[in-house]
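For the record, the sequence lines run as chains A and B.
Numbering follows this note's numbering, in which position 28 of the first sequence is assigned residue number 28; successive positions increment by one, without gaps.
With positions in the second sequence counted from 1, the corresponding number in this note's numbering is that position plus 1000.
Simulated from the structure, these hints should not be mistaken for laboratory data.
Check the hints yourself; a few may be wrong.
[To be verified] Taking lysine-lysine pairs in the DSS-like style, the calculated list, with each CA pair at most 25 Å apart, reads:
| no. | chain 1 | residue 1 | chain 2 | residue 2 |
| --- | --- | --- | --- | --- |
| 1 | A | LYS207 | B | LYS1048 |
| 2 | B | LYS1030 | A | LYS207 |
| 3 | A | LYS76 | B | LYS1093 |
| 4 | A | LYS237 | B | LYS1093 |
[Stated by the list, open to error] Here are some of the chain A residues that sit facing chain B, going by a computed Cβ distance under 7 Å:
| no. | residue |
| --- | --- |
| 5 | GLY206 |
| 6 | LYS207 |
| 7 | TYR234 |
| 8 | TYR252 |
[Said to hold, decoys possible] The following label-pair restraints were derived from C-beta to C-beta distances:
| no. | chain 1 | residue 1 | chain 2 | residue 2 | range |
| --- | --- | --- | --- | --- | --- |
| 9 | B | LEU1230 | A | LYS244 | 44 to 50 Å |
| 10 | A | LEU203 | B | LEU1019 | 44 to 50 Å |
| 11 | A | LYS169 | B | LEU1230 | 43 to 49 Å |
| 12 | A | SER300 | B | ASP1159 | 30 to 36 Å |
| 13 | B | ASP1159 | A | SER215 | 50 to 56 Å |
| 14 | A | ASN373 | B | GLU1063 | 16 to 22 Å |
| 15 | B | LEU1026 | A | ASP104 | 53 to 59 Å |
| 16 | A | ASP299 | B | SER1132 | 43 to 49 Å |
| 17 | B | LYS1076 | A | ASP104 | 35 to 41 Å |
| 18 | A | ASP299 | B | THR1234 | 53 to 59 Å |
| 19 | B | ASP1159 | A | SER334 | 20 to 26 Å |
Since the model is a prediction, treat every value here as computed from it, not as a measurement.
Using N, Cα and C, we set each Cβ at its ideal position, and we do this for glycine too.
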Amino acid sequence: MGFSQHKDPVLAANEAITQATIALGDDPEPVSLAIIFTSIELAHPVILKVVNNLLGETPILGCSSLGIMTNQGVFKHGFAVLLIILGQHAFFNVAAVKEISKKDSQLAGKELGDKLLFGFRNVPRSLSIILSDKLTTEGPHLISGLQESLGRSFPLIGAATFDNFEGRKAYQYLNKEMLEDSCSGILLGGKFSYGLGIKHGWLALGKMRCITASSGNVIQEIDSAPAIRLYEEYFGKNIVELSKELRHISTYYPLGIYLPGEKEYLLRNIISIKDNGSLVTQGDIPANSKIRLMISTEDSRLQATVTACEEAKRKLGVQKVKFVIVFESTARSSFFGKQDNSELCMIKEIFGESVPLIGIYTNGEQAPLKAINYLGRTYFHNQSINILAIGEQ
Amino acid sequence: MPFVFLSLCLLLAVLGVVLLNKVQRLKELKEKVVALNFSLEEMDEQAKLIMRTDMELNKAQEELDKKVAGLDILQKLSREISTTLEEKQIFKKINNQYVEELGFEKSLAFLWKSLEREFQLYLSLGYSPDESLKIKAAVNENKDYFLDLIKSGSTASSDFVAEGALTKSKINHLFMVRSFIICPVLAQEGDQGFIFVGTQNLETTITKGDREFISILANQIGQTLDNARLFEKTWRSQQELELKVEERTRQLTQALEEVKKISKRKSDFISSVSHEIRTPLTSIKGYAAILLGSKLGALPEEVRVRLEKINRHSDELVHMVNDLLDISRIESGKVIIKKEPLSLKAMSEKMADLFSEQFRTKNITFKSEVPENCEGILADRSQIERVFINLVGNALKFTPQNGNITISAERLNNVIQVNVKDSGFGIPEDAQEAIFEEFYRVDNTINQEVKGTGLGLTLVKHIVEAHQGKIWVKSKLGEGSTFSFTLNAA
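Make the full structure from the sequences, and use the hints.
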């Protein structure tokens, strides 16, 4: 694991990869895969060129992000690299699908799935990690396409890096290519084990409501009234005032979809309000969904992080944790503010200081639900923290 | 049959009771549902209250966090900036991290250069070089607006833009942001300017707190610019002063060398002239003595009187020549001071003995007040004796009838201060330093009556200094004088 805060991309890549190489120790086995994360201003083809030069033919997967988490801390600017040595009997494949906005999302997802499956005949598949520009609106279809190829209940973990609120660009890295408007991913299989924990820490408050009219990620009516009425009633503000404070209200008090059997509600941020009072959410909400307004405290959010870590660790059983990947919602990061490091300390305390840790801040996460009635299918999450612990085989 | 009828009646009655019970329970359950619904509605109202309160608390907390973070950043920035004494370096201390922590991702600083009649860019964060150049050109195109802002000392921000050439949307367009604060950087002297911070974040609302923070930062920059400019000015003055001092020192060194040369020439001259004078003087004195001794026959009375005058004046001349030669020898280091332990008390008694006749004639009371701890001094016997003779002799000369002369001493660590005090006429304040110079004589009636060479105190000073001591005088006209000098204790 290596990290650099150099502003110069060449120096940043050089410093981080040197650190990571040293951390592998003397005479290490060949590196199987490199995961790289950069901040936006370091998202430059030069950095990828330097990484490729330094790592040779090592497959590279990564993306840009609004923030990076490593063992060293939480940073807004920098470059992080995780060099992974997988066991002899572990297999993986990296691939990407480009120009997703121009394609049918379902087909784009299937295309990615097919590419990932290349070379996986007769090899048991374990997990797929997807890094995407946008997973918000067309995301479910893209994931559906992927599942068509990989299997409906196949575990998929995804992270979207596009900033819905500020419209900042996001980039994906795949081997020698720096991609925009794309979705890249990795399929892991063979002798490979992992543990996943996903939590958010928001609790329901107030009466349960019913989505009476919706399409995709637009809620037209709640309890047969314009959807905005819910927020107007609860916050005593009109549509104009709510629009002004939308980001604040949406991140603090998202909607929660009731999922029978699940311990937590599935969160949905409101990303805009339409003139007719419809709410546009970050992710779909099907009609007839039971929803409630959600609230959280600092303790509940931190406790969620602890629970997610413990869950990921528990699923690995007695296996030693080789490294940890974190996908955490950018919104959560803004809540913690200067306490980002206290959350990081909690994660490190659970997995151990020496376990390499790398993570990014996301705007939407994909992960399977736990209850048996969801058949392990992947759902789109908001404001969650996904902890993926990879085991030592 | 009646039994069947009765049984049916009983059954109906039982059914009726059960039905009644059911109806009653249904009624009760309905009431419970109503109550539960009511509770639920009440709880929902409470939930609304909780939400609103929580939102207010969160807002307050966010504002507080923002203020604390802002203050923290301002403190760090102030510390960094205030220690900078170079104008350009001040702006280099402001980096992305600080600006971001204040809630902005773009920042610019311009200073108005009155000579060039344009705004120059001193800081650019969050912009590419091309964007910075474009903004600089746009700022100079609208320089009047920004100069007015500086002149009025007012802050412009997204929530308030005073009427002028630029509107809020124009400023947003010019700086490529969605929210901004522009605050003048006011320095007491020199060029003034403004600092700009902005963000593209749609959600950002500029608060009063934000404006205050940027205003504090601008003030801090203004003060630091003043300090830097003052430092620059002072540094330049100091450089000029140092050059002047260097030049003056060089001139003084040259002059000193000249003085030394002249002084040496003077000493050499005095020394050679004194030697040359002393030889014929000895002859004059010898011949005068022969003539006065009537070895060449009796002399008429008039001749004797004249010869006695020649003899007396020759003695004075010899005395003067000897003093001059001594001064010259001490100055040139030819006299070797042989220090030995001496008794100050014995020296004082010797003076009392030496001048006893004169004390008696003028009825002068002589006192010796030498404490035990000042008993031993380290000095050259013959030289220090001349010091005492000169000082006591002078005191005697300038002390009128029935006066007092006292020799006293005091010890300070390893140094003994000897004081020769008289109740004489005193020395005018303006002459107290000059009396130690060669041939200087205070202009008073005594000096007009009593003859002297004006070399005695000069010789005394040279001897004391040759003993690594100091000599000075404290005197008041009509009250007497005290000559003090220092010697090392034995």
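How the hints compare with the structure:
1. LYS207/A to LYS1048/B: Roughly 10 Å separates the two Cα atoms, so the pair holds.
2. LYS1030/B to LYS207/A: holds, 20 Å
3. LYS76/A to LYS1093/B: holds, 19 Å
4. LYS237/A to LYS1093/B: violated, 43 Å
5. GLY206: Interface hint status for GLY206/A: holds (4 Å vs cutoff 7 Å).
6. LYS207: Holds. Min distance 4 Å.
7. TYR234: holds, 5 Å
8. TYR252: This hint holds: TYR252/A lies near chain B, its Cβ roughly 6 Å from the closest one there, short of 7 Å.
9. LEU1230/B to LYS244/A: 44 to 50 Å: holds, 47 Å
10. LEU203/A to LEU1019/B: 44 to 50 Å: Holds, at about 45 Å.
11. LYS169/A to LEU1230/B: 43 to 49 Å: holds, 47 Å
12. SER300/A to ASP1159/B: 30 to 36 Å: holds, 34 Å
13. ASP1159/B to SER215/A: 50 to 56 Å: Check failed, 38 Å falls outside 50 to 56 Å.
14. ASN373/A to GLU1063/B: 16 to 22 Å: At roughly 44 Å between Cβ atoms, GLU1063/B and ASN373/A fall outside 16 to 22 Å, so the hint is violated.
15. LEU1026/B to ASP104/A: 53 to 59 Å: holds, 56 Å
16. ASP299/A to SER1132/B: 43 to 49 Å: holds, 45 Å
17. LYS1076/B to ASP104/A: 35 to 41 Å: violated, 52 Å
18. ASP299/A to THR1234/B: 53 to 59 Å: holds, 56 Å
19. ASP1159/B to SER334/A: 20 to 26 Å: Since the Cβ atoms of ASP1159/B and SER334/A sit about 22 Å apart, the hinted range of 20 to 26 Å holds.
In the structure shown, a violation is registered for the earlier hints numbered 4, 13, 14, 17, in ascending order.
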